[in-house]
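Enquirer: Sequence:
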Amino acid sequence: MTMGALGVVYGDIGTSPLYALKEAAKAAAHGGTLSHSAVLGVASLILWALLLIISLKYALLILRADNRGEGGIVALLALLHARHAQSGTWRAHLLVVGLVGAALLYGDGAITPAISVLSAIEGLKVDAPSLAPVVVPITVAILIGLFMIQKHGAGFIGRIFGPVMLAWFVVLAALGIHGIVQAPAVLAALSPLYAFNFLIHQDFHISFAILGAAFLAVTGGEAMYADMGHFGRFPIRLAWFAICLPALVLNYFGQAALLITDPAMIENPFFQLCPDALHYPLVAFSTVATVIASQAIISGVFSLTQQSIQLGFLPRMQIRHTTSDAIGQIYVPLVNWLLAAATLGAVLSFGTSEALAGAYGIAVSLLMAITTLLAALVAIQWGYSPWIVVAVNGFFFVIDVIFFSANSIKLFEGGWFPLLLAALVAFMMLTWRSGVKLVEAARAKLRQPEEDLIETAVNKCRARLPGTAVFLASAPRGVPLALTQFVKHNHVLHERIVLVTVLIEESPHIADEDRAEVIEIIPGITRVVLHYGFMQNPTIYDGLKLACRQGKLPGIDLSDITYYVGRETIIPSEDIPGMWVWREGLFAFLQRNAERSAAFFGVPTRQVVEFGTELEI
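If you read the sequence shown in numbering that gives the first Met the number 0, its first letter stands for residue 0, the second for the next number, and so on.
Just so you know, these hints were derived from the structure itself, not from any lab. Mixed in with the good hints, there may be bad ones.
[Said to hold, decoys possible] What follows is a set of in silico ranges between Cβ atoms, one per label pair, in the way DEER data are often shown:
| no. | residue 1 | residue 2 | range |
| --- | --- | --- | --- |
| 1 | TRP386 | GLU449 | 23 to 33 Å |
| 2 | HIS320 | GLY68 | 17 to 27 Å |
| 3 | ASP511 | HIS320 | 39 to 49 Å |
| 4 | ILE387 | GLY584 | 46 to 56 Å |
Virtual Cβ for every residue (Gly too), placed ideally from N, Cα, C.
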């Protein structure tokens, strides 16, 4: 598990040495000559950022805020029960904050592959400056290939993630030691005083620029929390403290030592650490490492999308299961190609890793601040002393805010790009969630109570058709609109009616024995509520099969039943209170193009009958 965590969790932060110290050193030089004290100040700043933000905050503090072993922003929202919050309450406001945090991950997902692969390919320019024009085309070709193979699954790549990244961290450490041996004086930067003194003696805007660049060294740290469910708390901590942190610190200090001996190496200190004969092999290895880091980010975005769909924050999309591996187990075609467009657009628009560094960091720093805030509320909810929580989380929140403020000066240098992506995703999430509430309110007005169904079945039904009919219901109470339409037009019922509702709980996993809740309304009419966790794939056929095997639904042949599903057409209306009409129109567009209920919930295609209904919102 520790080996797996090396490849998936630490791919992003493990490739940060390609560009982080370089950008921080350039910010410290601010166009002039890089001084000895500036190099020590930058190295010290990066070291203590890694210790405070990654080691203390994430590894020791945030990893404690798990939802039955699962982490990430969605798990925090589930722990805070924000999903069902009433409008206007503090939990509802928290939900908005949390959804913004989730949306920021999409902005991060678009920038990370771009800056990582681009910075690796730029290593070609160290020995052959004439190759500069081919850097962007090679990067684009690699990224297109990466996004194209997603549909085949990442199972094979996933199996080699860990060993390759272990080798990568060994190379980082070896390069760092090689540099430190040349200038051991760099070890003085272990003292935080160098970082503090250097920052306070700079102009305010220069200090902020240096902080913003140094923050690049900790981007990717949020993956420790997001991927906790895949590997567990202990393997993630072990991989960080035993392998990643020592290797990263050695490499950053090695680069700093190189700049002490020769400040002219500032254009690419990472590759200059390497002996000349090994430059091209290092470029190739760096490219492999950045592809692995990119793959981990893409898989994380797929996983976040699935969780958001399950909890009702995004419209249903086609989700393909490609392999049983934890890495790359799902493929979301729409998200893959939208992410590809954003990533390739970033490469073509910005052109260099230095320009992309301006776009990188602002979204991640805001996400880290949101995570710290939500984790503090979870700790208080769990009974920890509010004073201790405010003191500890407040300290880290102040650090997060400082780094976010420092990154905010990059807003017009490219920081707008991930924020724009995040704003679009957050707006869509909030529109979808509000629209779903309006649709459910419209359904509730049309939905008959169970007493009417009983009365129809007992006294008003002209005939009973042979066989079993399953009606999908959006709510665990009342009569589904598809059944109301069926009785209204046909005046008959099947001999056996099963009303099925899928509920996604705020736990990541629900055990098989708790899956199916079966309630007999009257003989011949049964309600089945299938409970799934937000990390599980909600399949109605498998749920009913399990209920039959457990003896909760005797006498049903699943191969000989008909599934009736309602398909609603949303009509925006100015006369009904709700969202602005143009937002309702956007929701209607999303709803029309969402994955069909039957397909999403795994209903056998040849056994499905759809009933159409128009709903005004």
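Enquirer: So, for every hint listed, does it hold in this structure?
Expert: A quick look at each hint next to the structure:
Range check, TRP386 to GLU449: about 50 Å between beta-carbon atoms, so the 23 to 33 Å window is missed. Here the CB-CB span from HIS320 to GLY68 is close to 21 Å, well matched to the stated 17 to 27 Å. A beta carbon spacing of about 18 Å between ASP511 and HIS320 contradicts the range 39 to 49 Å that was offered as a hint. Remark: the range hint 46 to 56 Å for ILE387 to GLY584 is upheld by a beta-carbon distance near 49 Å.
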